[in-house]
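2 protein chains.
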Amino acid sequence: MSKKTAGSEIERLIALLARLPGLGHRSARKAALTLLKRRVDLLQPLAAALNEAAAKIVECPNCGNIDTVSPCTICQDPRRDATLIVVVEEIGDLWALERAGVVNSLYHVLGGHLSPLDGVGPEQLNLAKLIERAVPPVKEVLLALNSTVEGQSTAHYVTEQLQGHGVAVTRLAQGVPMGGELDYLDEGTLAAAIKSRRPI
Amino acid sequence: MSKKTAGSEIERLIALLARLPGLGHRSARKAALTLLKRRVDLLQPLAAALNEAAAKIVECPNCGNIDTVSPCTICQDPRRDATLIVVVEEIGDLWALERAGVVNSLYHVLGGHLSPLDGVGPEQLNLAKLIERAVPPVKEVLLALNSTVEGQSTAHYVTEQLQGHGVAVTRLAQGVPMGGELDYLDEGTLAAAIKSRRPI
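Chains as they are written, first to last, in our numbering: chain A, 4 to 203; chain B, 4 to 203.
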């Protein structure tokens, strides 16, 4: 946007919106215009929600989840199976598993994956705390990391670190996704699906 | 996101972000997590920028542009060619023309296009003010509306309204866009380009 057409306030708003994932500069401009058109029902509530989130939401010192209580609701929940910790890369992965409602475990958020080229080593991840938590009553640590090179090498490293701690270390099954059409799957997925084939 | 995993503050933030154009529910979740991870350098500045924009940015009563001054910087600029008003549908279109820097005119933002099915008639557009402005020194009104059915029927309506006002009403040329490959252009564009062909 030209300096001539609008104040630095709009430019600043657009520049900040453009830093959100999923919004480029063009969609940030559209978003800013939408916000300015809908001040009462969108802009002001969003500003309030941001301030409230900044004030109330804290990271769980135990598992790395975010919540308004500390430790987080999941860590405090006595109905959770405290013998199983599911390790994920990001909080979004934890949310995905909770939405699916397929496991009633505790979690541990690493905060990313090992990526030496980006300067992410073991110290940059929430890893020491995981080792500390891997004691009774915990019996199993399930590494629900992304099925990417980085995710899998992180899983390898975490597995090594947990050896000798007396906990079983497991990983997610690999294979054909539900609704997946063979013709569209990559070779790696097909190879894993065949290698891990099961009797019907 | 499950009720179990995070407070209503996060859910509310995600719901508001999801109402921005270009952000679905999934990308709104990612944006919320990014904001919560980067509180100092992103969340807090964004909240401040929203509040500042809400407080300072006003719609120009003359042309419908937004700015921190009223009338807007463009309407106040004595170096602008005050004989030409370029009419656009949205403020984003005005910004696009200003970025391109191809015209040094005044503008008029209609705020949309006629769309009877959506309840948008002439009264819902910033049209009466345009008729009012179409007096000397204005000599020409250029309708830079979208080349869509709605944009063109709006142009037709505006042209009718401006008849007898002593101003020339023009529209943008239609044809092959710069860098456009004929093989990828639609029939309408090709037909317009041939109809308006020019000697070399």
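Don't read these hints as lab results, they were simulated from the structure.
Be aware that one or more of the hints could be misleading.
Remember, identical chains collapse to one label, so a pair may be satisfied in a single copy or spanning two.
What the hints assert, rightly or not - As a list, the in silico BS3-like pairs of lysine-lysine whose alpha-carbon atoms are at most 30 angstroms apart: (1) K40 - K132; (2) K198 - K59; (3) K40 - K59; (4) K40 - K198; (5) K142 - K132; (6) K198 - K33.
key: Up to 30 angstroms CA-CA - K132 versus K142, copy category   = Result: close within a single copy only, 16 angstroms intra versus 73 angstroms inter.
key: Homomeric proximity label, K40 with K198: Cα distance no greater than 30 angstroms   = neither (56 angstroms within a copy, 39 angstroms between copies)
message = Cα distance capped at 30 angstroms. Does K40 pair with K59 within a copy, between copies, both, or neither?
response = The answer is both: 28 angstroms in one copy and 13 angstroms across copies each meet 30 angstroms.
query = How would you label the pair K40, K132 (within, between, both, or neither) given a Cα cut-off of 30 angstroms?
reply = between (46 angstroms within a copy, 19 angstroms between copies)
query = At most 30 angstroms between C-alpha atoms: does K198 with K59 qualify within a copy, between copies, both, or neither?
reply = Neither. Shortest intra-copy (48 angstroms) and inter-copy (63 angstroms) distances fail the 30 angstroms Cα cut-off.
ask   = Given a CA cutoff of 30 angstroms, do K198 and K33 count as a within-copy pair, a between-copy pair, both, or neither?
value = Answer is neither; intra-copy 49 angstroms and inter-copy 34 angstroms both fail.
Figure legend: structure checked against the earlier numbered hints; hints not met, in rising order: 2, 4, 6.
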